[in-house]
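Residue numbers (our numbering): 163 to 341.
Among these hints, one or two may not hold up.
Claimed, not checked - What follows is a set of in silico ranges between Cβ atoms, one per label pair, in the way DEER data are often shown:
| # | residue 1 | residue 2 | range |
| --- | --- | --- | --- |
| 1 | N184 | T221 | 44 to 50 angstroms |
| 2 | A229 | T260 | 20 to 26 angstroms |
| 3 | A237 | L334 | 34 to 40 angstroms |
| 4 | V181 | G215 | 45 to 51 angstroms |
| 5 | E179 | G218 | 24 to 30 angstroms |
| 6 | G316 | A222 | 35 to 41 angstroms |
| 7 | G246 | A187 | 15 to 21 angstroms |
| 8 | A223 | A190 | 37 to 43 angstroms |
| 9 | G246 | G336 | 46 to 52 angstroms |
Calculated directly from the structure, the hints in this document are not laboratory data.
Ideal Cβ placement from N, Cα and C applies to all residues, glycine included.
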Amino acid sequence: PPRFAPRPPPHPEEADEPVPANYPALLASVRVLLPVSYVVIGAISPLLPYLLGKVGAATAAQTPLAATWLFSRAACVGVLWKVGGWHGKPAALVAGGTLLAGGFTLAVLAPSVPVLAAGLACFGIGQGIIYSAAIYYAMSVGKAGIEAAGTHAGLIGLGYLSGPFLGLATSLAGGGDGA
163 PPRFAPRPPP HPEEADEPVP ANYPALLASV RVLLPVSYVV IGAISPLLPY
213 LLGKVGAATA AQTPLAATWL FSRAACVGVL WKVGGWHGKP AALVAGGTLL
263 AGGFTLAVLA PSVPVLAAGL ACFGIGQGII YSAAIYYAMS VGKAGIEAAG
313 THAGLIGLGY LSGPFLGLAT SLAGGGDGA
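Go ahead and model the full structure; you've got the sequences and the hints to work with.
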């Protein structure tokens, strides 16, 4: 027997729930932060081997240490998925941007393994906040439409594309000495 009916029943039109007044502004803000956050991922990723060497990380610890930001980002997204107290609060976006920038700076300037790990953890939490806010506001303001999700994915792609190009341009302009 078929799993789906040949003609699915009609869906009743759902009344649109009102969106809080500040959500469109928060969506606009996070639509700037989201691609920037992926540009920064593109900037830190090729630096990680050098940073790990600079702080003297043991070879066996380098992969888990480099993945610190990924673990903290995943944990942050999981927490924010379950906790809704940040919805509608601009401070969440400020915290996300601050943690992203501060974590990046701390990681790049880290004099030791613990400081590098702390920087990468902050970086990942900032990334998690920005990603969670971006998808939440896109789905809330965009009424969970395909266009809203497509814009969200497109902004991530823009960041992924721009990051390596900015890194290459910086390198070609003399921004790195290869050490």
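Hints, verified against the model:
| no. | hint | verdict |
| --- | --- | --- |
| 1 | N184 x T221: 44 to 50 angstroms | holds (49 angstroms) |
| 2 | A229 x T260: 20 to 26 angstroms | holds (22 angstroms) |
| 3 | A237 x L334: 34 to 40 angstroms | holds (37 angstroms) |
| 4 | V181 x G215: 45 to 51 angstroms | holds (49 angstroms) |
| 5 | E179 x G218: 24 to 30 angstroms | violated (54 angstroms) |
| 6 | G316 x A222: 35 to 41 angstroms | holds (39 angstroms) |
| 7 | G246 x A187: 15 to 21 angstroms | holds (19 angstroms) |
| 8 | A223 x A190: 37 to 43 angstroms | holds (41 angstroms) |
| 9 | G246 x G336: 46 to 52 angstroms | holds (47 angstroms) |
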